[in-house]
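Protein chains in written order, with my numbering: chain Z, 1 to 152; chain Y, 1 to 158; chain X, 1 to 358; chain L, 1 to 371.
The set of hints was computed from the structure by calculation and includes no laboratory data. Accuracy of the hints is not assured; some may be wrong.
Here are some chain Y residues the structure puts well away from chain X; computed CB gaps all over 10 Å [as the list claims (entries may be wrong)]:
hint, residue
1, Gly20
2, Tyr27
3, Phe28
4, Glu33
5, Glu65
Negatives, chain Y to chain X, calculated, CB over 10 Å [to be verified]:
hint, residue
6, Leu21
7, Gly54
8, Thr119
Below, simulated EDC-like cross-link-like pairs (lysine to aspartate or glutamate); rule was C-alpha separation at most 20 Å, straight line [stated by the list, open to error]:
hint, chain 1, residue 1, chain 2, residue 2
9, Z, Lys75, L, Asp215
10, Z, Lys141, Z, Glu94
11, Y, Lys32, L, Glu149
12, Y, Lys15, L, Asp167
13, L, Lys178, L, Asp215
All C-beta atoms, glycine included, are put in the ideal place defined by N, C-alpha and C.
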Amino acid sequence: MDNEELKLAITALLPTANFEEGGEWLNILIEPTDWLPFAQQLRNEYALHFDYMFCLTCIDWKTHLTMVYHLSSTKYRHNIVVKAKLDKAKPDIETVCHIWRTAEFHEREVYEMFGVNFLHHPDLRLLILPDGWEGRNPLLKDFDDPVNMIKL
Amino acid sequence: MFIVNYIKDVFNALKSLAIGLRRTLFYFTHHKEIITEQYPDNRATLHLADRFKGEVVMPHDENNEHRCTGCTACELACPNGTIKVVTKFDMTPEGKKKKAIDKLVYHLELCTMCNLCITACPSDAIKMAQTFEHSVYDRSQLTKVLNKEGSKIMEGVE
Amino acid sequence: MWSFSNIADIIHEWLNKTFNATLATLFEMVIAGVCVIGLFAVLGLILVIMERKVAAWIQIRLGPNRVGPKGMMQSMADTLKLLVKEAMTPDGADKFLFNLAPYIAMMVAMLLMAPIAFASNFMMWNLNIGVLYVSAISSVSVISILMAGWASNNKYSLLGAMRSGAQIVSYELSAGLAILSIVVLSGTLNLNEIVLSQADGWWIFKGHIPVIISFIIFIIAVTAETNRAPFDLAEAESELTAGFHTEYSGMKFALFFLAEYVNVFIVCAIGATLFLGGWMPFHIGHWEGFNHIMDFIPSSLWFFGKTFFLIFLIMWFRWTFPRLRIDQLLNLEWKYLLPIGMFNLLLVTAIAILGWYF
Amino acid sequence: MVEELGTNTEGDLIINVGPQHPATHGVLHLVITLNGETIKKVEPHLGYIHRSIEKMCESLTYRQYIYVTSRMDYLSSHINNHACALIVEKGMQIEVPPRAQVIRVLMDELTRIASHELWWGSMAMDLGAFTPFFHAFREREAINEIMEETCGARLTMNYMVPGGVLDDLHPDFQRKVKEFISLYKRKISEYDEIVTGNIIFQNRMKGVGVISAADAISFGCSGPALRGSGVSCDIRKIYPYEIYDKIEFDEVLETAGDSFARYMVRIREMNQSIRIIEQLIDNIPEGDFQAKTKAVLKLPKGEFYQRVETARGEFGIFIVSEGGTNPYRIKFRSPGFSNLSALDHMARGSKIGDLVAMMGTLDLVIPDIDR
Numbered sequence: 001m002d003n004e005e006l007k008l009a010i011t012a013l014l015p016t017a018n019f020e021e022g023g024e025w026l027n028i029l030i031e032p033t034d035w036l037p038f039a040q041q042l043r044n045e046y047a048l049h050f051d052y053m054f055c056l057t058c059i060d061w062k063t064h065l066t067m068v069y070h071l072s073s074t075k076y077r078h079n080i081v082v083k084a085k086l087d088k089a090k091p092d093i094e095t096v097c098h099i100w101r102t103a104e105f106h107e108r109e110v111y112e113m114f115g116v117n118f119l120h121h122p123d124l125r126l127l128i129l130p131d132g133w134e135g136r137n138p139l140l141k142d143f144d145d146p147v148n149m150i151k152l
Numbered sequence: 001m002f003i004v005n006y007i008k009d010v011f012n013a014l015k016s017l018a019i020g021l022r023r024t025l026f027y028f029t030h031h032k033e034i035i036t037e038q039y040p041d042n043r044a045t046l047h048l049a050d051r052f053k054g055e056v057v058m059p060h061d062e063n064n065e066h067r068c069t070g071c072t073a074c075e076l077a078c079p080n081g082t083i084k085v086v087t088k089f090d091m092t093p094e095g096k097k098k099k100a101i102d103k104l105v106y107h108l109e110l111c112t113m114c115n116l117c118i119t120a121c122p123s124d125a126i127k128m129a130q131t132f133e134h135s136v137y138d139r140s141q142l143t144k145v146l147n148k149e150g151s152k153i154m155e156g157v158e
Numbered sequence: 001m002w003s004f005s006n007i008a009d010i011i012h013e014w015l016n017k018t019f020n021a022t023l024a025t026l027f028e029m030v031i032a033g034v035c036v037i038g039l040f041a042v043l044g045l046i047l048v049i050m051e052r053k054v055a056a057w058i059q060i061r062l063g064p065n066r067v068g069p070k071g072m073m074q075s076m077a078d079t080l081k082l083l084v085k086e087a088m089t090p091d092g093a094d095k096f097l098f099n100l101a102p103y104i105a106m107m108v109a110m111l112l113m114a115p116i117a118f119a120s121n122f123m124m125w126n127l128n129i130g131v132l133y134v135s136a137i138s139s140v141s142v143i144s145i146l147m148a149g150w151a152s153n154n155k156y157s158l159l160g161a162m163r164s165g166a167q168i169v170s171y172e173l174s175a176g177l178a179i180l181s182i183v184v185l186s187g188t189l190n191l192n193e194i195v196l197s198q199a200d201g202w203w204i205f206k207g208h209i210p211v212i213i214s215f216i217i218f219i220i221a222v223t224a225e226t227n228r229a230p231f232d233l234a235e236a237e238s239e240l241t242a243g244f245h246t247e248y249s250g251m252k253f254a255l256f257f258l259a260e261y262v263n264v265f266i267v268c269a270i271g272a273t274l275f276l277g278g279w280m281p282f283h284i285g286h287w288e289g290f291n292h293i294m295d296f297i298p299s300s301l302w303f304f305g306k307t308f309f310l311i312f313l314i315m316w317f318r319w320t321f322p323r324l325r326i327d328q329l330l331n332l333e334w335k336y337l338l339p340i341g342m343f344n345l346l347l348v349t350a351i352a353i354l355g356w357y358f
Numbered sequence: 001m002v003e004e005l006g007t008n009t010e011g012d013l014i015i016n017v018g019p020q021h022p023a024t025h026g027v028l029h030l031v032i033t034l035n036g037e038t039i040k041k042v043e044p045h046l047g048y049i050h051r052s053i054e055k056m057c058e059s060l061t062y063r064q065y066i067y068v069t070s071r072m073d074y075l076s077s078h079i080n081n082h083a084c085a086l087i088v089e090k091g092m093q094i095e096v097p098p099r100a101q102v103i104r105v106l107m108d109e110l111t112r113i114a115s116h117e118l119w120w121g122s123m124a125m126d127l128g129a130f131t132p133f134f135h136a137f138r139e140r141e142a143i144n145e146i147m148e149e150t151c152g153a154r155l156t157m158n159y160m161v162p163g164g165v166l167d168d169l170h171p172d173f174q175r176k177v178k179e180f181i182s183l184y185k186r187k188i189s190e191y192d193e194i195v196t197g198n199i200i201f202q203n204r205m206k207g208v209g210v211i212s213a214a215d216a217i218s219f220g221c222s223g224p225a226l227r228g229s230g231v232s233c234d235i236r237k238i239y240p241y242e243i244y245d246k247i248e249f250d251e252v253l254e255t256a257g258d259s260f261a262r263y264m265v266r267i268r269e270m271n272q273s274i275r276i277i278e279q280l281i282d283n284i285p286e287g288d289f290q291a292k293t294k295a296v297l298k299l300p301k302g303e304f305y306q307r308v309e310t311a312r313g314e315f316g317i318f319i320v321s322e323g324g325t326n327p328y329r330i331k332f333r334s335p336g337f338s339n340l341s342a343l344d345h346m347a348r349g350s351k352i353g354d355l356v357a358m359m360g361t362l363d364l365v366i367p368d369i370d371r
């Protein structure tokens with residue numbers, strides 16, 4: 001399916017979804033509360049079949065956080081980008097690691113780097129940062145490490 | 001049938017092992033295949049590629065003149081703060097002030113040989129040297145001043 | 001003609017002339033002990049440099065080539081290094097067993113030297129049950145490994161030791177069966193008499209295919225018994241870092257290392273004695289002239305030549321094959337080597353009874 | 001902590017493999033729960049070599065950030081750099097001269113072979129055969145020599161720049177590559193003799209670390225780890241970049257999904273890379289090796305994603321640009337990170353020795369996982 005067809009199919013699934021134009025792939029903006037049922041539909045809908053999550057990350061926009069999910073289908077070879085805006089004070093979103101199991105590691109990484117709390121994640125612990133890490137999440141824009149960071 | 005397969009298995013296994021043994025025996029007996037380079041001994045014949053990126057140097061000509069104008073393009077291009085240009089003001093014969101380099105400090109210990117400073121330099125003042133034996137006893141020896149003592153800029157380089 | 005037995009006789013006569021019989025025997029024991037320890041050290045040095053050179057040439061590199069002529073003193077330098085290294089004992093270790101284990105490994109290797117015939121009429125102990133003695137004592141070496149693994153208080157060591165236990169217990173069987181086939185053919189357990197029974201040709205040539213099969217089984221089984229690759233599961237570098245000797249350092253490690261090489265030498269010596277005629281020169285049936293020419297080569301040279309050939313074989317295996325997994329290792333023994341060995345023993349017995357060997 | 005006690009409540013043995021361990025080829029730390037020799041659970045602990053390259057890149061310009069990516073997957077640094085160059089070209093719509101495109105593809109494929117050679121050697125070494133390591137380095141050395149002559153470095157080449165390549169090919173390049181191809185063709189049969197055909201090796205690999213196609217997709221595996229399960233996922237074929245759509249080569253697929261399938265994918269992939277190089281080596285078009293670019297590169301505001309096929313799988317760069325000279329946020333999707341997450345699933349129920357074989361066939365490069 002090309003982007004236009006995907007847009008139609010996804011509007012049918014989730015009428016509240018907003019679309020962002022301009023990118024190479026279709027960008028879908030959703031509410032974090034809609035994410036889990038929507039993800040299940042994306043994965044299981046026969047015509048969509050988004051079974052391959054190749055990237056999961058987060059962007060710190062200073063005022064809010066945005067979760068970015070890159071999905072692809074190994075059957076139809078189409079790609080979409082799903083974005084969910086999170087409140088910075090309480091960044092909660094449902095985990096999808098039982099739908100795409102690769103999300104388990106990626107969500108742990110986002111958890112420690114951005115402080116996003118993934119609800120119902122089976123094993124939400126620090127993955128990369130050392131045990132007992134205290135302080136801010138390193139990839140946030142206001143993180144500062146005067147000792148180890150090289151400033152140019 | 002089981003017995004036949006069993007014997008076949010054993011035979012094939014032994015055969016595959018024998019093939020491997022034959023190959024290693026070949027290398028054991030053919031010493032011409034040895035590829036060891038006896039490094040410190042072969043320094044005289046060691047060939048280094050002429051593009052090899054070993055360290056940044058500033059070529060000087062016989063009059064102790066270099067081509068660096070002190071424009072700090074290399075400093076800006078460097079991704080990890082390897083180069084520091086310290087400038088001074090020289091007096092030209094006409095009595096005008098002219099910017100020139102006092103010191104071009106190069107931190108070899110930080111350098112990743114990415115070649116960005118060389119491509120950024122507008123007057124071809126610096127280049128990569130093909131040296132590679134950089135180990136020293138003290139880290140401070142890796143901080144180098146590229147322009148030589150008392151050197152000055154070449155005529156005509158702007 | 002010059003030979004080891006002449007020297008031994010001269011020393012024996014001189015001692016008996018100078019001292020009374022008891023004292024002479026005592027001195028002879030001391031001399032024998034010193035000789036064994038000396039042989040130990042020399043063998044260790046030679047085998048280490050040999051292994052490193054064999055490995056290097058197979059791996060298309062030069063190997064040690066800096067210390068001494070052509071790097072031949074490299075193992076000497078390594079020994080010196082190991083001697084001056086600190087022999088650490090881990091804090092949580094069982095100190096007594098931890099320190100005892102390497103010595104047991106050494107002791108077992110030394111005991112095994114006794115019944116081996118190094119040259120004609122030259123052996124420390126002409127034991128009438130030599131073969132049985134060797135099989136019995138060599139099983140003890142597993143105790144030192146288990147001891148080291150247990151006492152180190154290290155999980156890698158323990159796993160390595162347990163693997164080694166399972167491995168040595170199983171491979172004893174096929175090694176024993178392979179040895180038995182020669183015992184059946186020669187009709188004796190005395191290693192010297194086994195050598196003498198090969199005066200008209202070595203067993204590997206006389207005994208048809210069944211003896212060749214037992215030779216192959218023997219080589220595989222002893223490679224496993226000495227914990228050499230491809231059966232080096234007890235140390236399995238990429239899995240257990242160094243297995244049972246992970247916690248050992250300095251001279252204690254060196255003793256394990258030395259014991260491994262001496263064990264390799266001993267099993268190869270046994271293999272050479274059983275299958276390749278020990279110190280017996282290469283004889284073909286009744287070709288008197290040919291046999292006579294062969295006799296000019298000293299018997300000790302024959303013995304060491306054959307032994308080192310077998311050692312080379314084992315080294316060659318090590319640098320060619322990947323390691324087996326523990327369950328495959330046991331499969332190989334119980335599903336392949338043991339049934340084949342038993343069936344083969346049956347064949348050999350038939351050959352011996354019917355007198356079909358040459 | 002449970003790990004310090006050595007056993008958990010069920011009496012299982014807990015072993016730390018790494019951060020310093022001969023099989024992890026770097027500072028990977030796996031906490032393994034064992035029942036006897038059987039693995040019950042594998043839990044990776046990462047971060048021993050984490051340099052936060054994503055954070056670093058936020059303060060680097062689009063010319064500077066390329067060199068950092070060489071330090072991630074240092075065995076296929078050309079391909080990482082390639083992705084970086086491609087995304088800048090995509091964002092700024094820079095036309096790359098055909099000569100540069102061919103050079104880039106040639107370099108990518110040489111890198112892929114070099115990476116697989118090293119993998120082959122270390123894979124055999126993990127299984128206890130030391131000799132193949134040295135044999136593999138002989139061929140890899142030939143590639144490194146070629147790289148050194150043209151790019152000026154052997155491992156972290158920094159040869160790709162936005163708009164083309166840093167320097168023209170060395171005059172000796174074609175001759176040396178042809179020499180390498182003939183060397184490779186002479187020696188590749190030895191690989192089968194020493195390792196692939198060996199009965200011990202086959203028994204160690206077959207049926208070990210089996211992962212089904214559906215699981216492999218779910219775990220986000222890519223590259224040989226996914227192709228070994230029979231899923232077509234070669235970015236060069238399905239989302240072609242550069243000139244891969246004009247080149248003839250086959251996507252290597254195996255269906256068994258075990259370690260041996262992944263092994264065979266890599267071995268056969270080397271042959272395909274040789275095939276690509278053979279097609280291109282005599283047909284390098286004349287012309288510029290670098291497009292004219294502005295001194296200061298600025299990506300327009302927006303989000304960009306570029307995926308390439310490295311030796312280990314799908315490598316992706318996700319850039320959020322605010323229109324400035326630096327990326328606002330950059331995310332590297334490294335193949336090793338996702339492949340590693342499948343390790344626990346593969347390893348459960350197998351022996352410690354198998355874990356080594358699995359890690360070998362996943363071809364983990366730790367700086368790539370930790371970034």
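Structure versus earlier hints, numbers of those that do not hold, lowest first: Failing hints, ascending: 1, 2, 3, 4, 6, 10, 11, 12, 13.
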